[in-house]
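Residue numbers (numbering that gives the first Met the number 0), protein chains in the order written: chain Z, 0 to 317; chain H, 0 to 317.
Source of the hints: derived by calculation from the structure; they are not laboratory data. Keep in mind that this is a model prediction, so the values were computed, not measured. There are no misleading hints in this set.
Which copy is meant is left open, so a pair is good if it fits within one copy or across any two.
Result set (DSS-like, lysine-lysine): computed pairs, CA atoms no more than 27 Å apart in a straight line:
{"no.": "1", "residue 1": "LYS64", "residue 2": "LYS298"}
{"no.": "2", "residue 1": "LYS90", "residue 2": "LYS101"}
{"no.": "3", "residue 1": "LYS101", "residue 2": "LYS137"}
{"no.": "4", "residue 1": "LYS23", "residue 2": "LYS137"}
Protein chains: 2
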Amino acid sequence: MNFVAALNDVAAKNLRVLEEHIRKAIVKDSFIFEACEPLFKGGKRLRPMLFLLCANSKTDCPPEKTMPLATALELIHTASLVHDDIIDTSKKRRGVETANSKYGAQIAVLVGDYLFAKAFQLVAENNYGAQVQLILSKLVKNLCVGEIMQDRSLFEVPTLTEYYTRINLKTAIFLSSCCRLGAIVSKMDNHEVENLTAYGSGLGLAFQIIDDLLDFFGDEKITGKPRGGDLKSGVITLPVIRALEISDEASTLRKIATSGADVEAAIKIIQATDAVDYCRTRAEAHIESARVNLPFTLKTSVALALEQIADFIVDRTR
Amino acid sequence: MNFVAALNDVAAKNLRVLEEHIRKAIVKDSFIFEACEPLFKGGKRLRPMLFLLCANSKTDCPPEKTMPLATALELIHTASLVHDDIIDTSKKRRGVETANSKYGAQIAVLVGDYLFAKAFQLVAENNYGAQVQLILSKLVKNLCVGEIMQDRSLFEVPTLTEYYTRINLKTAIFLSSCCRLGAIVSKMDNHEVENLTAYGSGLGLAFQIIDDLLDFFGDEKITGKPRGGDLKSGVITLPVIRALEISDEASTLRKIATSGADVEAAIKIIQATDAVDYCRTRAEAHIESARVNLPFTLKTSVALALEQIADFIVDRTR
Numbered sequence: 000m001n002f003v004a005a006l007n008d009v010a011a012k013n014l015r016v017l018e019e020h021i022r023k024a025i026v027k028d029s030f031i032f033e034a035c036e037p038l039f040k041g042g043k044r045l046r047p048m049l050f051l052l053c054a055n056s057k058t059d060c061p062p063e064k065t066m067p068l069a070t071a072l073e074l075i076h077t078a079s080l081v082h083d084d085i086i087d088t089s090k091k092r093r094g095v096e097t098a099n100s101k102y103g104a105q106i107a108v109l110v111g112d113y114l115f116a117k118a119f120q121l122v123a124e125n126n127y128g129a130q131v132q133l134i135l136s137k138l139v140k141n142l143c144v145g146e147i148m149q150d151r152s153l154f155e156v157p158t159l160t161e162y163y164t165r166i167n168l169k170t171a172i173f174l175s176s177c178c179r180l181g182a183i184v185s186k187m188d189n190h191e192v193e194n195l196t197a198y199g200s201g202l203g204l205a206f207q208i209i210d211d212l213l214d215f216f217g218d219e220k221i222t223g224k225p226r227g228g229d230l231k232s233g234v235i236t237l238p239v240i241r242a243l244e245i246s247d248e249a250s251t252l253r254k255i256a257t258s259g260a261d262v263e264a265a266i267k268i269i270q271a272t273d274a275v276d277y278c279r280t281r282a283e284a285h286i287e288s289a290r291v292n293l294p295f296t297l298k299t300s301v302a303l304a305l306e307q308i309a310d311f312i313v314d315r316t317r
Numbered sequence: 000m001n002f003v004a005a006l007n008d009v010a011a012k013n014l015r016v017l018e019e020h021i022r023k024a025i026v027k028d029s030f031i032f033e034a035c036e037p038l039f040k041g042g043k044r045l046r047p048m049l050f051l052l053c054a055n056s057k058t059d060c061p062p063e064k065t066m067p068l069a070t071a072l073e074l075i076h077t078a079s080l081v082h083d084d085i086i087d088t089s090k091k092r093r094g095v096e097t098a099n100s101k102y103g104a105q106i107a108v109l110v111g112d113y114l115f116a117k118a119f120q121l122v123a124e125n126n127y128g129a130q131v132q133l134i135l136s137k138l139v140k141n142l143c144v145g146e147i148m149q150d151r152s153l154f155e156v157p158t159l160t161e162y163y164t165r166i167n168l169k170t171a172i173f174l175s176s177c178c179r180l181g182a183i184v185s186k187m188d189n190h191e192v193e194n195l196t197a198y199g200s201g202l203g204l205a206f207q208i209i210d211d212l213l214d215f216f217g218d219e220k221i222t223g224k225p226r227g228g229d230l231k232s233g234v235i236t237l238p239v240i241r242a243l244e245i246s247d248e249a250s251t252l253r254k255i256a257t258s259g260a261d262v263e264a265a266i267k268i269i270q271a272t273d274a275v276d277y278c279r280t281r282a283e284a285h286i287e288s289a290r291v292n293l294p295f296t297l298k299t300s301v302a303l304a305l306e307q308i309a310d311f312i313v314d315r316t317r
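Isolated chain Z, as found in the complex (with noise of 0.2 Å):
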């Protein structure tokens, strides 16, 4: 299921705006959006839209007050996967040569740099306050802070609760602050911020453990990527844990997880188990969390939308 034919009429009009703002955000330098532009295609632009669901979830925000931030949200998530591709030294990101690959790490360090500064350009220069400031600087953080727990970690197999701190720091916070950030934006009252950040939590929760899923049991010609790759590099996930804790062949499963060796054996023997369905129904459980956290007091037709994400984050192929 395609990410933007899940969405109504709502955020389709959203969408189109916020492309046209991208783009400006990035031409500026001639080199920059040479670089840049290929980043932004293909994106399911998810986190900008959740923002702007949100912060139009009452009562229409002006564009203007909603745009720039948007855009920021965007480039900050970009600059993330380009240095996410530094790391994992990928040659292909959203279908396109990522920019390690075309122009080196040096040039991508850069490149990311920019695109972090100039979101925290467009947040100061659009006046969006101390508070937007601090929940962008701490998101940033954060996704640092996972990503450095990540790679330090690499071949040992995380307990649950490692496991859960991880992808909340690398994606959970990331997706709920879009919704507080929307939320705060369009001064909703305090119980209606804390509830849509709930909801950006269980949708960013849900999306994770569907993304290690897919790793394993994705198809290859959907997504893009060979399977197992998290595992053949050294990140343990949750169908691997929960599989350690029931599989008869656990020792062979811990042996190749720790080491990355002959990953078509894992996934057998994780597909001998009850991983597959356990990994679902944790994240159908954040899904749900998500859900009942909606306020009654939205739009319906902003409700709807902000539905249809979580039907779409647990129904993703890829």
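Please arrange chain H on chain Z, whose structure you already have, making use of the hints.
Below, chain H alone, put in the same frame as chain Z:
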């Protein structure tokens, strides 16, 4: 001459308080501290010191109003060094092993990102306002554009204008922003803000020209770097630009500069011209311009420290 020894009591007292604040900013996470602490050893603290002196140049500005931003400036500088060291694949910086060499490029990218984010967090938490945020984000963006410009034109001879654009983006804007921020935070009048900004800009241009000179003619034992490192890696600086203009052996020098081979021969060609004197004269002119821009209204002790910094910059040997 040692930078700290060049400072008077006012500056030295600030420096001690600053060190505590830097330490506090990175202690949160044990790995971050382990990775970051060595990075902060041995730095000159030139940027936060300029900020602190300017902030205290008319009346005493309370430390709680200045130290978070001073710390943020040093975090940003250090983050940019960490990312530069990935770019240059340097093994040592400030006399200690680089993050890149110790933990690999992966972690070094993230540690730099963490420091950038932490800097913006400090500024948001302490309510410096949109104007300060904007100066900081533009400063980081300009650093990136300057570095990208440099990386994209390695082994190409820049025009004088291109050289000045690059050192302005890479160094002068940072130093002038530090002074400007000091003047803004201490609520100086517009005239003083502009003058201190101009002081910082002159300082920055001189600083980079001397840096470029030291790269060729500094004492390796003091600079800790082999002579001609810039030329070897394709970065063509003012001594070369000047020598190309007037040397009889310009065509040989051009071949060396555009290939990076035989740096020792290039040094001899440059030395046979007036390039060293020319660069010194340019640097001194920028320092002089910095000096004349110092407002008369400053406290004597601070004016003296700012003059000492100007002296230090042309006299330094590393």
